[in-house]
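Participant: Sequence order for the protein chains is A and B. Be aware that the first sequence starts at 1, since it is given in this note's numbering, and climbs by one per residue. Be aware that the second sequence starts at 1, since it is given in this note's numbering, and climbs by one per residue.
Hints in this document: simulated from the structure, not taken from any laboratory. Check the hints yourself; a few may be wrong.
Here are some of the chain A residues that sit facing chain B, going by a computed Cβ distance under 10 Å [claimed, not checked]:
1) 33
2) 91
3) 96
4) 220
5) 229
6) 230
7) 340
8) 490
9) 494
10) 495
11) 497
Just a sample of chain A residues kept apart from chain B, beta carbon distances all over 12 Å, derived [unchecked claim]:
12) 88
13) 90
14) 139
15) 474
We put the beta carbon where it would ideally sit given N, CA and C, even for glycine.
Here's the letter readout for the chains.
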Amino acid sequence: MNFYPEFEVVRNDSRCIRCQVCERQCANEVHWYDEDGKFMLADESKCVNCQRCVTLCPTRALKIVKSDCRLRENANYSDQTIKEVYRQAETGGVLLSSMGNPNPLPVYWDKILINASQVTNPPIDPLREPMETRVFLGKKPERITRNPDGILDTKLAPQLTLSMPVMFSAMSYGSISYNAHASLARAAEALGIYYNTGEGGLHEDFYQYGKNTIVQVASGRFGVHKDYLEAGAAIEIKMGQGAKPGIGGHLPGTKAVGDVSKTRMIPEGSDAISPAPHHDIYSIEDLRQLVFSLKEATEYRLPVIVKVAAVHNIAAIASGIARSGADIIAIDGFRGGTGAAPTRIRDNVGIPIELALAAVDKRLRDEGIRNNVSIVCGGSVRSAADVVKAIALGADACYIATAACLAMGCHLCRSCHTGKCNWGIATQRPDLVKRLNPDIGSQRLINLMDAWRHEIKELMGGMGINSIEALRGNRLMLRGVGLTEKELEILGISHAGE
Amino acid sequence: MELNVSQMGFSEVNEQMRQTADSEITLTGCIGQRFLAAGTTGKYVKINGIAGNALGAYLNGSVIETFGNAQDAVGDTMNDGEIIVHGNIGDAAGYAMRGGRIFVQGNAGYRAGIHMKAYQDKVPVMVIGGRTGSFLGEYQAGGIIIVLGLSGGERPIVSNFPCTGMHGGKLFLRSECSDIHFPHQVHHRIASAEELAEIRGYVEEYCAHFGGSADEILNAQFTLVTPDSGNPYKQMYVAN
């Protein structure tokens with residue numbers, strides 16, 4: 001069924017110089033030039049509002065606006081809801097979307113406020129005093145022990161060292177482009193943090209960034225072999241993803257071409273199916289088995305991360321993971337992004353990361369096993385303020401991916417699943433991939449992280465805290481606004497004014 | 001090197017195997033230690049006793065021969081090498097294996113060969129001498145699984161739901177499989193002489209390990225199962 005397009009292309013004809021850059025830049029083929037009439041035309045039905053043409057139009061002649069041609073207003077059956085029904089009635093298909101849940105569900109970060117020192121316990125100026133933002137991720141010893149000769153036993157479980165408590169979250173080569181991976185890898189190295197391969201294997205060109213790489217092992221085990229496991233600084237077992245908890249992944253055969261197929265170690269054109277479960281994991285005991293098989297294969301030199309989606313019983317699940325031998329738990333909230341996920345799953349499954357994080361940190365503390373593992377949280381950490389709030393709620397570090405994509409040029413049009421990303425990120429089309437210059441992409445990521453580091457220091461300094469370690473789990477530094485008793489209880493924070 | 005492992009945990013056994021320069025290692029008194037020889041290259045490991053879960057996980061070229069049963073997840077994500085089991089094996093053998101070979105004299109449990117793959121010159125092969133449990137070759141994406149049904153009693157050569165989600169590779173079952181229900185996205189038919197010729201070498205290897213005659217084994221009806229598409233989920237989605 002045809003319906004009026006969601007967006008309108010508004011072209012100011014008096015400004016348009018017919019340079020056709022919009023036409024050349026649009027992989028969706030919205031714009032074209034009419035030779036006879038010597039003017040530009042557009043088919044808005046193909047527009048995804050990625051703003052590529054708007055950005056590159058040299059005379060600012062273009063605008064993409066939301067169409068006001070709507071179906072009759074209905075608070076129950078929204079325009080979107082009705083059109084989804086039409087799409088499914090037409091095709092019989094499962095609705096597929098990209099990036100994080102866009103619905104107006106509560107963002108708890110925005111209802112949490114950070115403390116600052118006044119009069120007593122003076123604030124610290126990060127411009128004149130050293131501030132420690134370095135964190136170590138991994139299992140910490142329960143107590144100080146000495147060797148028989150009285151010398152302190154300094155042997156630690158393997159740790160990751162981060163210059164600041166932020167890492168680039170898993171995005172596979174396949175879901176994003178070679179140049180996007182190159183940008184992330186280079187930025188991670190320059191920043192002294194880590195990026196994550198996702199489950200698509202590690203391109204041979206990026207083995208050189210191994211000490212800043214986390215390699216992922218997912219249910220499909222794509223590209224997983226001895227060299228790959230040993231190439232990185234840590235191994236992440238992907239049990240789930242915030243955008244699609246409880247289901248697997250599926251890279252269509254059309255995208256498994258060239259280097260993507262080589263890196264995943266699957267034949268060209270073959271569907272890369274990551275089943276929903278790991279077929280050897282049905283319990284915490286089984287998870288322990290995968291953790292230790294990876295540790296054995298890499299001779300206990302690398303920390304093992306277990307990544308799970310934030311779901312209802314996340315605290316109990318995390319407790320199990322903390323006992324599985326894993327060194328780090330990564331929790332991904334329901335607003336986390338994705339290159340493709342069924343809409344219904346993305347928008348309806350999982351819980352907010354803020355609540356999950358607070359619940360997990362509390363549970364592990366209550367059980368006396370918090371130091372068995374580090375906690376990394378992701379699933380829409382959008383700013384330095386979110387990072388500081390996450391640390392104060394109990395995280396050791398944060399994973400960011402959507403914010404990293406934005407730094408590389410993403411305009412959050414949520415069309416990654418089409419494979420026609422005009423910004424060269426979520427695509428494998430060579431003409432589009434080359435639009436993302438890794439020199440610029442990595443520099444923009446570095447800029448973003450530098451800015452966040454400064455902001456983190458300023459926020460910490462304001463609280464009179466000069467080490468990120470002293471902020472972790474320091475919930476006294478947080479207050480809620482407009483939250484219910486129950487929400488405050490779960491977050492473990494007081495209301496503003498208390 | 002010969003090692004009596006009856007009093008050792010798995011990490012100690014593996015550590016000792018890593019430490020030795022010997023390429024031939026014999027473990028005796030094995031009582032279910034897990035992850036034996038995980039990720040190793042260039043060793044021949046002979047195991048007397050019962051090998052525990054994840055025997056030869058991520059194996060990268062070593063040969064493991066077990067004189068006794070092996071438990072679950074034999075050859076998990078194996079890349080290269082060979083695992084020979086003079087006995088039966090548990091569940092999820094050869095999960096996601098991409099290369100190398102697994103020969104099992106007896107039966108396999110559930111989910112054998114699940115998500116087995118192939119890549120360029122790497123074609124993993126799993127030969128099960130007896131019968132297998134349910135979900136054989138689930139999500140199979142490549143490689144060759146051969147089940148001979150030489151032992152294991154009167155039950156079907158494979159239990160329920162074989163080949164669910166299969167989208168690559170081949171499966172040979174030494175049976176007419178008239179009593180077995182296959183999913184709609186695979187083809188199954190009696191293998192031709194030419195098709196059987198492809199697996200003769202693997203059957204001969206099986207016989208070299210465990211005895212028997214390849215001619216006799218191959219002189220039977222085999223069912224060949226192949227997927228009808230490499231893209232089984234293509235039509236399921238609509239962009240939203």
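Participant: Under 10 Å is the threshold here; is the Cβ of residue 230 of chain A close enough to any Cβ of chain B for the hint to stand?
Facilitator: Hint on residue 230 of chain A: holds, closest Cβ of chain B at ~9 Å, below 10 Å.
Participant: Identify whether the interface hint at residue 340 of chain A stands, where standing means a beta carbon of chain B within less than 10 Å of its own.
Facilitator: Holds: closest Cβ of chain B sits about 8 Å from residue 340 of chain A, inside 10 Å.
Participant: Would the hint on residue 229 of chain A stand, with a C-beta cut-off of 10 Å toward chain B?
Facilitator: Interface hint status for residue 229 of chain A: holds (7 Å vs cutoff 10 Å).
Participant: Given residue 497 of chain A as an interface hint, is its Cβ closer than 10 Å to any Cβ of chain B?
Facilitator: violated, 43 Å
Participant: Is the shortest C-beta separation between residue 494 of chain A and chain B less than 10 Å?
Facilitator: Check failed: Cβ of residue 494 of chain A comes no nearer than 41 Å to chain B, outside 10 Å.
Participant: Under 10 Å is the threshold here; is the Cβ of residue 495 of chain A close enough to any Cβ of chain B for the hint to stand?
Facilitator: violated, 39 Å
Participant: Does the interface hint hold: is residue 91 of chain A within less than 10 Å of chain B, judged Cβ to Cβ?
Facilitator: Nearest chain B Cβ about 4 Å off; hint holds.
Participant: Are residue 490 of chain A and chain B close enough, Cβ to Cβ, to be under 10 Å, as the hint says?
Facilitator: violated, 32 Å
Participant: Report holds if the minimum CB distance from residue 139 of chain A to chain B is greater than 12 Å, and violated otherwise.
Facilitator: Consistent with the label, residue 139 of chain A stays out of reach of chain B, its closest Cβ about 16 Å off (over 12 Å).
Participant: A cut-off of 12 Å on Cβ-Cβ distance, and residue 88 of chain A was said to be off the interface with chain B. Does that hold?
Facilitator: violated, 7 Å
Participant: Is the interface hint satisfied for residue 96 of chain A? The criterion is a beta-carbon contact with chain B at less than 10 Å.
Facilitator: holds, 4 Å
Participant: Should the label of residue 474 of chain A as a non-interface residue stand, given a Cβ cut-off of 12 Å to chain B?
Facilitator: holds, 37 Å
The structure does not agree with the numbered hints 1, 8, 9, 10, 11, 12, 13 stated previously, though it agrees with the rest.
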